[in-house]
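> With chain A fixed as given, assemble chain B onto it according to the hints.
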Amino acid sequence: MKQLLSWRAGIALLVPVLVLFVAVLVSTGTGQGQVSGSAGTLVIALTGAPPAPNAPFTPGFQSLAFNVLAVKLNPSTDPDIFQNQGDPNWTTIPVAQGVGLNDTGTVDIFTQLGTLFNLNPNGPNPAGAGTGPSELQVDLNHIQTVPQLFNSQLVPATTYHAIELVLDGSNAGTAVPTCLENPSSLLEGCIASQISLVNPSQFLTVSSNEGVSVPLNGLATLVININPVTSPTQAFPGRPGFSGGLYQFSPSISIPSAPNPLGLVTGAAFGASKVAAELSGTGQVVETTTIGGGQYQLPLPASPDGTLYDLVASGPGFAYAFAHNVLVRRGKVQTVQLDAAPAGQIALTGKVTDACSGMSLQGATVEVVAPAAGSTSDCTQVPTPSDCVVLASANTDDTGTYPMPASNFVVQSFNQVPNGKYTMVVTDAGYDTVASSMSVNGGATCSLGTGGLCNFALGRSTIEGLVTISPPVPSPRALNVLVTAEDHGTHRIENVALAMVPIGSSAAPFTMFVPDQAGVASLDMYATVSDYFNGLPEKASGHTIGVLSALAPASRCGTASPHPILSMQCAGHGSIMGSTTPFDDGTSIVLSKNGVQLMSTGVGPRGGSAPGQFSLCAPADPTAYQLQRFEAIPPSSEPTPVGTPVAQLMAPPLQVAQPCNSICGTGSGQCLVCVNNAGVTVP
Amino acid sequence: MQANSKLNLSALVQRGALAILAFACAACGGAFGTANPTSPGQTSSIPAQNSLWVLGTPGTPFQALVTDASQSWTFRGVIPQSVVIINNSPGVQMTVTKLTNNSALMTTELINGTNLVAEASTNDPFGTTVVQSSGGLAAVAPRANPDIRFFIKGPSNGLVNGLIEDLTLSFVFEARSPALFLFEHPDARVDAVINSVDFAGTIFADVLSNGVPVVESTGGPRLLIKFP
Numbered sequence: 008m009k010q011l012l013s014w015r016a017g018i019a020l021l022v023p024v025l026v027l028f029v030a031v032l033v034s035t036g037t038g039q040g041q042v043s044g045s046a047g048t049l050v051i052a053l054t055g056a057p058p059a060p061n062a063p064f065t066p067g068f069q070s071l072a073f074n075v076l077a078v079k080l081n082p083s084t085d086p087d088i089f090q091n092q093g094d095p096n097w098t099t100i101p102v103a104q105g106v107g108l109n110d111t112g113t114v115d116i117f118t119q120l121g122t123l124f125n126l127n128p129n130g131p132n133p134a135g136a137g138t139g140p141s142e143l144q145v146d147l148n149h150i151q152t153v154p155q156l157f158n159s160q161l162v163p164a165t166t167y168h169a170i171e172l173v174l175d176g177s178n179a180g181t182a183v184p185t186c187l188e189n190p191s192s193l194l195e196g197c198i199a200s201q202i203s204l205v206n207p208s209q210f211l212t213v214s215s216n217e218g219v220s221v222p223l224n225g226l227a228t229l230v231i232n233i234n235p236v237t238s239p240t241q242a243f244p245g246r247p248g249f250s251g252g253l254y255q256f257s258p259s260i261s262i263p264s265a266p267n268p269l270g271l272v273t274g275a276a277f278g279a280s281k282v283a284a285e286l287s288g289t290g291q292v293v294e295t296t297t298i299g300g301g302q303y304q305l306p307l308p309a310s311p312d313g314t315l316y317d318l319v320a321s322g323p324g325f326a327y328a329f330a331h332n333v334l335v336r337r338g339k340v341q342t343v344q345l346d347a348a349p350a351g352q353i354a355l356t357g358k359v360t361d362a363c364s365g366m367s368l369q370g371a372t373v374e375v376v377a378p379a380a381g382s383t384s385d386c387t388q389v390p391t392p393s394d395c396v397v398l399a400s401a402n403t404d405d406t407g408t409y410p411m412p413a414s415n416f417v418v419q420s421f422n423q424v425p426n427g428k429y430t431m432v433v434t435d436a437g438y439d440t441v442a443s444s445m446s447v448n449g450g451a452t453c454s455l456g457t458g459g460l461c462n463f464a465l466g467r468s469t470i471e472g473l474v475t476i477s478p479p480v481p482s483p484r485a486l487n488v489l490v491t492a493e494d495h496g497t498h499r500i501e502n503v504a505l506a507m508v509p510i511g512s513s514a515a516p517f518t519m520f521v522p523d524q525a526g527v528a529s530l531d532m533y534a535t536v537s538d539y540f541n542g543l544p545e546k547a548s549g550h551t552i553g554v555l556s557a558l559a560p561a562s563r564c565g566t567a568s569p570h571p572i573l574s575m576q577c578a579g580h581g582s583i584m585g586s587t588t589p590f591d592d593g594t595s596i597v598l599s600k601n602g603v604q605l606m607s608t609g610v611g612p613r614g615g616s617a618p619g620q621f622s623l624c625a626p627a628d629p630t631a632y633q634l635q636r637f638e639a640i641p642p643s644s645e646p647t648p649v650g651t652p653v654a655q656l657m658a659p660p661l662q663v664a665q666p667c668n669s670i671c672g673t674g675s676g677q678c679l680v681c682v683n684n685a686g687v688t689v690p
Numbered sequence: 070m071q072a073n074s075k076l077n078l079s080a081l082v083q084r085g086a087l088a089i090l091a092f093a094c095a096a097c098g099g100a101f102g103t104a105n106p107t108s109p110g111q112t113s114s115i116p117a118q119n120s121l122w123v124l125g126t127p128g129t130p131f132q133a134l135v136t137d138a139s140q141s142w143t144f145r146g147v148i149p150q151s152v153v154i155i156n157n158s159p160g161v162q163m164t165v166t167k168l169t170n171n172s173a174l175m176t177t178e179l180i181n182g183t184n185l186v187a188e189a190s191t192n193d194p195f196g197t198t199v200v201q202s203s204g205g206l207a208a209v210a211p212r213a214n215p216d217i218r219f220f221i222k223g224p225s226n227g228l229v230n231g232l233i234e235d236l237t238l239s240f241v242f243e244a245r246s247p248a249l250f251l252f253e254h255p256d257a258r259v260d261a262v263i264n265s266v267d268f269a270g271t272i273f274a275d276v277l278s279n280g281v282p283v284v285e286s287t288g289g290p291r292l293l294i295k296f297p
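Top to bottom, those sequences are chains A and B. Quick note, my numbering runs 7 ahead of the 1-based positions in the first sequence. Quick note, my numbering runs 69 ahead of the 1-based positions in the second sequence.
The set of hints was computed from the structure by calculation and includes no laboratory data. The beta-carbon is built from N, C-alpha and C at its ideal position, and this holds for glycine as well. Treat each hint with caution, since some may be false.
[To be verified] Not everything, but these chain A residues come out facing chain B in the computed CB check (under 10 Å): (1) GLY370; (2) ALA436; (3) LEU473; (4) PRO509.
[Said to hold, decoys possible] Residues of chain A clear of chain B, computed beta-carbon distances all greater than 12 Å: (5) LEU204; (6) SER214; (7) ASN216; (8) GLY300; (9) PRO618; (10) PRO629; (11) THR630; (12) VAL649; (13) LEU656.
[Stated by the list, open to error] Each pair of labels, with its calculated beta carbon distance range: (14) B:GLY288 / A:THR566: 42 to 48 Å; (15) B:GLU285 / A:ALA561: 30 to 36 Å; (16) A:GLN90 / B:ARG258: 33 to 39 Å; (17) A:ASP346 / B:ARG212: 52 to 58 Å; (18) B:PRO282 / A:ILE640: 42 to 48 Å.
Isolated chain A (complex conformation):
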């Protein structure tokens, strides 16, 4: 007799998911009455900034992420309402669902938000069921320049005065500090520490006299600002008592003063059923909305200098209507018309394979691209010119077939491609990019497709090499090494490979597919060790980063020779903090070693807690790094170097005696404690 086992997580999912879908059915079936009778749409975004570095107390933060479960709203003006979480007037907006339902007038931000595919729609207390608190990790470093959309939902049309941000009560977030200014504390930096809350309540609250008014059948926005440290509760983040211990914060929330960090784009879109907003020239969808009555509204996050978007309208039986480089400014409303002409459509499908082995390629990206109005760019160039607009995109499945299946709830954009002339761009990590002319007229033909059809065989070559670690990997666990190949002189990564160095060993082979000679002229390579601190994997490596510059790839289906060797030694963590000027939203600082770009970081925005400042973690390599300012103009374009690079020699880490923990061992028996390098100026 068989033994029946059950996947308990799956069983527990049933209740919350059914609630979700029943709710959906109700709101769809009777939704029109519900919308017109009592509700409006609320779009919520989050912003914030890490605490300003303040030597010797406050380090910079490589990452400062809070785990957000939900936003709750109540129309009450009673300040005690926060003590009554059972009040029936609370409206809970959880992390965005992955269902992508598009009711008329509803903004679907499924395509942008983090921790999508949320299987637990009931917020922090799923009645004992569910799969644990699926949540959105909000990194304040990442949202300090451009706010992050959280979710949108139909809510009762009223004015809300009480607002709550609900954090994960068991794990409020994670902080990765730079090295501390005062190394005598012997606290390791550049490692992840869990966040504990001064006030252990998971509910961050704010009362608003003015309130947030959600108009009947209308659209409102709510931006919540996360302050990680609240005065006078706490002057600075509380440091842990030991390396890797809890970092203490006193977060609070506020409603930012004008201007609203979101801008609004609206207009007519005749013939469209959906309008998508993409970061300009990237195809990276930020938000979509379904529309009715020929009108659309898109509240979009904007940086202090404004953010450029591409807008694409599509609908059954109509051609695409799109606009390029729409500058969205904070607190501003602008009108963009996206009326489309009738057109026949086809369902576009095809297959992507490896030109060398014939194997199907899973996870390849296929995009339908066209030049912006007035542009003379040839979109069949590689890389794709920045004034080409991505009109639709899809991915291949396990058989190499695109698009992935649609559902009754999630429409696959490749199922409705209008007649016309386009460029089809096919990309996959490690392969040559193909940009083919495509003609759609009742069927599709692609100039570079196999047999003229829109099936593609992507070329590639192979690099086989070796990674070495010094000293040999100690017990109790093997170390993984991530090998990266990027276009020479850039940080445009082509592919990565993982190599495992066993315990007691000092070397491991790796094999990586990269574009062939026709796809890329030469490659830079670097290798980083995935080190552990106290048994936990860390993002920042304690080993030096092995680099190799200007490696020539082989011809199609060939293997590069000679085989590269990338060497890494235990050096300990280090960090760099500094500033640059001038700066704007498109400014970044790039760290290189021997001419190979290793990492980049943005700088604090104007009006933020640390304008023009940056911080990053890097191994305390005895070889000097180079730091250089890059500018992307406009911010979404490819960054280019500006100014003169500066050399940065890292201060060596402190060595302390056992017992202690260390990011890696030098063989001396002592632990390494990282040291910060502050006050670096990058012109």
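Below, chain B without anything else, positioned relative to chain A:
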């Protein structure tokens, strides 16, 4: 006040429908309506199972290495995707790398039973996250051989449940597609029954043996898959 009444009515309708659906599921013979001749409920409990989710900006491709104490698997996928190891050995670690040069978000979550035990996110180009169960693992285990996988790739975001089995063990599951099931140490033949819970559309499910699709099935709302 009228608005609130309508909302309350809506909530009542929702709860009623939920109760009906829950009853319907419970009345289907256990295992969420999956016909099962093995008397569910007569077997002993097992430790809470691990599931892994790759979430974030939809359409972002990734590659992953998943290992437990006994076997490991590598695969590519597209966000969002859930991953389940069937017949798993203790301990699990998942290393996931984004395969795009943009700032798209990728979050990986490790769920044990109903608890979120590890979570990591990245916005970096080709950024990597690592999540692991408590204590981690000493090394990546040998690659699964035979490498038998079930990949339920559609309907997009559809809720499915069912049963996957070999000649000696059977496993009830519930997941949202796309979902990848990695069958550890399968005993000879494998097969599966997959049900659409939400009738989100046609079910698309493949069985892969050592990287090669050997069964490609389409249908629904109930789909039977037999290893050839």
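> Give a verdict on every hint.
For each hint, the structure was consulted:
A least Cβ separation of about 4 Å between GLY370 of chain A and chain B falls short of the 10 Å threshold, and the interface hint therefore holds. Among the interface hints, the one on ALA436 of chain A holds; its C-beta lies about 4 Å from the nearest C-beta in chain B, closer than the 10 Å criterion. About 18 Å separates the beta-carbon of LEU473 of chain A from the nearest beta-carbon of chain B, more than 10 Å, and the hint is not met. Nearest Cβ of chain B to the Cβ of PRO509 of chain A: about 6 Å, under the 10 Å cut. The hint holds.
Distance check on LEU204 of chain A: its Cβ is at least 17 Å (rounded) from any Cβ of chain B, clearing the 12 Å threshold; non-interface status holds. With a closest Cβ-Cβ approach of about 22 Å to chain B, SER214 of chain A is found to remain outside the 12 Å limit, as its non-interface label requires. Remark: the non-interface label on ASN216 of chain A is consistent with the geometry, its nearest Cβ contact in chain B lying 23 Å away (cut-off 12 Å). With a minimum CB-CB distance of about 22 Å to chain B, GLY300 of chain A clears the 12 Å threshold, and the non-interface call stands.
With a least beta-carbon separation of about 21 Å from chain B, PRO618 of chain A lies farther than 12 Å from that chain, consistent with its non-interface assignment. For PRO629 of chain A, the condition that its CB be more than 12 Å from all CB atoms of chain B holds, with the nearest at approximately 25 Å. The Cβ of THR630 of chain A lies farther than 12 Å from every Cβ of chain B, with a closest approach of about 23 Å, so its non-interface assignment holds. Every CB of chain B lies more than 12 Å from the CB of VAL649 of chain A, the least distance being 20 Å, so the non-interface label holds.
Non-interface call for LEU656 of chain A relative to chain B: holds, since the shortest CB-CB distance, roughly 25 Å, exceeds 12 Å. GLY288 of chain B and THR566 of chain A have their C-beta atoms about 43 Å apart, which keeps the hinted 42 to 48 Å range intact. For the hinted restraint 30 to 36 Å between GLU285 of chain B and ALA561 of chain A, the CB-CB distance of approximately 34 Å keeps it satisfied. Take GLN90 of chain A and ARG258 of chain B: their Cβ atoms lie about 59 Å apart, and the range 33 to 39 Å is violated.
A hinted range of 52 to 58 Å for the beta carbons of ASP346 of chain A and ARG212 of chain B is consistent with their spacing of about 55 Å. Evaluation of the 42 to 48 Å hint for PRO282 of chain B and ILE640 of chain A yields a pass: the beta carbon distance comes to about 46 Å.
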